[in-house]
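Q: Protein chains in written order, with our numbering: chain A, -18 to 82; chain B, 8 to 453.
None of these hints come from the bench; they were simulated from the model.
Only a predicted model underlies this, so the values are computations on that prediction, with no experimental measurement involved.
Do not take every clue at face value.
[As the list claims (entries may be wrong)] For lysine to aspartate or glutamate, the following EDC-like pairs were computed, each having C-alpha atoms within a straight-line distance of at most 16 Å:
| id | chain 1 | residue 1 | chain 2 | residue 2 |
| --- | --- | --- | --- | --- |
| 1 | B | Lys311 | B | Asp329 |
| 2 | A | Lys29 | B | Asp363 |
| 3 | B | Lys36 | B | Asp363 |
| 4 | B | Lys289 | B | Asp330 |
| 5 | A | Lys29 | A | Glu43 |
| 6 | A | Lys29 | B | Asp364 |
| 7 | B | Lys196 | B | Asp315 |
| 8 | A | Lys29 | B | Glu102 |
| 9 | A | Lys29 | B | Asp315 |
| 10 | B | Lys36 | B | Asp315 |
| 11 | A | Lys29 | A | Glu57 |
| 12 | B | Lys36 | B | Glu68 |
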Amino acid sequence: MVTVRVEPAGIELDVAPGETVMAAATRNGYVWPTVCGGRAECGVCVLKVLASNGLPLPEPLEAARLGALPLAAGAEWRLACQLRPGTDGLVVRKAGVRRGT
Amino acid sequence: MTILGQRTGLDELMCFGSDTIPRGRFTSKEFLALEYERLWPNVWQIAGRVEELREPGDFVEYSIGERSVIVVRAADGAIRAFHNTCPHRGTRLGEGCGRFGAEIRCPFHGWRWDLAGNNTFVLDPHEFPAMTAEELHLIEVHVGEWGGFVFVHFGGSGEPEPLLEFLDPIPRIIDPYHPERMRYTGIKKTILPANWKVVVDAFNEGYHIAATHPELLQWKDDAALEYEVFRTHTRYGGAGEPKPSPRLGLDPEDVDQQQLLALKIKDLIDNLPGYFGPDDLKALDEVTRTPLPPGVSAGAYYLKRRRDGAVARGLDWSHLSDDQVLGGDDVLVFPNFLGPAVGGGWFVYRVRPNGDDPHTCLFELWTLSEEPVGAAPQPLPAREWYPDPWAHDWGLVVNQDLANFDRIQRGLRVPEGQGLRWNRRQEMGVRRFHEVLDRYLFNAPT
């Protein structure tokens, strides 16, 4: 298990090995914004990386969807439905993450 | 009486007063027959464009179910419409579109009429001693014009209400875009595997954008769309400023304005071909290649570029609001004509039932582009007919919509399915459309 912190809500998520951030949020009882449900189609789950100890590179599917989002340079952006963090220390920003099902 | 029995059976398919929309409205042959009996004979419907009838003798055929009319430019310049059937043995007098010349002629026995419908020739007239001039006259259909469109009305229950009263408030919404100055840039037709109302409903809301057109979320603020319903027609629109959907939860500083603009323009040009006229495309394409001035938002730059482009093309948009230039108005002209108008054009669908099959419909995509006052008339574009909708690339956005129709219709046919639900705000137009339809079919007090 690694821990991911989600701002601005200040949520701490336990992420199992190989699990995506979105799946971990769901398993921990949170709603992560999405329309496509984790297929890297809608881009709605996009998160901003505030701090990390290194992340696996995006697979082509994630990279393609991220590339078509008008995201400001100078920050690292990932899709929560595809990102599988391997190490502790990840802090992300995502508006709209809330407790619920 | 058949009709009474039919009506009793079909009362269950009323939407008015119900919390749901019954599925049988989309799948039942009897419901389709009721529409042919009570809706289509009693509603104004768009038969074509004035530009199809430039010279005396030009005609265009319009058909709905078994009814067919020929809409003709008469010698005095007026537009008239006649039931498309010879008073002698019933032959259709015109098919598709074209030019009759000075007279309409029946190919079967050579009878002829002038363009006002008066009979001018009967071969061996002494063989028809009992036929009066009135009986020899072609049967007229009510005609109206607004915005360059020719409407017909079959007067099924007597004199139709005046066209502009029926259309209210569509002219108030659409007239600023100068529909009367628009001309066709595309006329495409196919048959879709869904009831005509499935197609109307699908285009009458923006709630499907997120799931069906997810790529639009990156520049379209779908949550900002406004919805309005009127006595007969519906509208949604606005949300023109390029801005990612709030569903993405991005802060303003997270957004790359240059890329935002490029994405919006790419979708409008590449994925909605014909949404903007060809003249606009080159100018807009340049926008994507030119870096935005520092501190200028995509919306402000795009707005200025569009307004400057209109001036350069001789179009007067001085009265248009920024929302009309950027976002536009997506209207349903009840019952079957709908699509978004925006500064410079209208991207519009005409949908009709396909004979007696409730599971398919005739679908047309018309692209209309505004021309400057006094512009030289252009030849009409070729009428494109695609017997197989998948044999044509309609552009990504329309392809995505079309891909839904077969599965919607087949899903609707599942006998155990419940009545359909609607989203109270974003699908209010869907609800309204069905209530207004019930006014025609069941005399519902809507």
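Q: Under the criterion that the straight-line Cα-Cα distance not exceed 16 Å, is the pair B:Lys36, B:Asp315 satisfied?
A: violated, 52 Å
Q: Given the hint that B:Lys311 pairs with B:Asp329, test it: the Cα-Cα distance must not exceed 16 Å.
A: holds, 10 Å
Q: Does B:Asp363 sit within 16 Å of A:Lys29, going by the straight-line distance between their CA atoms?
A: violated, 55 Å
Q: Between B:Lys36 and B:Asp363, does the CA-CA distance stay at or below 16 Å?
A: holds, 7 Å
Q: Quick one, are A:Lys29 and A:Glu43 close enough, alpha carbons at most 16 Å?
A: Status holds; Cα separation ~14 Å.
Q: Does the alpha-carbon distance linking A:Lys29 and B:Glu102 stay inside the 16 Å limit?
A: Roughly 61 Å separates the two Cα atoms, so the pair is violated.
Q: Between B:Lys36 and B:Glu68, does the CA-CA distance stay at or below 16 Å?
A: violated, 25 Å
Q: Next pair to validate is A:Lys29 with A:Glu57; report whether the Cα-Cα distance is within 16 Å.
A: The hint holds at about 6 Å.
Q: Taking 16 Å as the top limit, are the C-alpha atoms of B:Lys289 and B:Asp330 close enough?
A: violated, 22 Å
Q: With a cut-off of 16 Å on the C-alpha distance, tell me whether A:Lys29 and B:Asp364 pass.
A: violated, 52 Å
Q: Next pair to validate is B:Lys196 with B:Asp315; report whether the Cα-Cα distance is within 16 Å.
A: violated, 34 Å
Q: Could you grab the alpha-carbon distance between A:Lys29 and B:Asp315 and see if it respects the 16 Å cut-off?
A: violated, 37 Å
Hint violations for this structure: numbers 2, 4, 6, 7, 8, 9, 10 and 12, all remaining hints satisfied.
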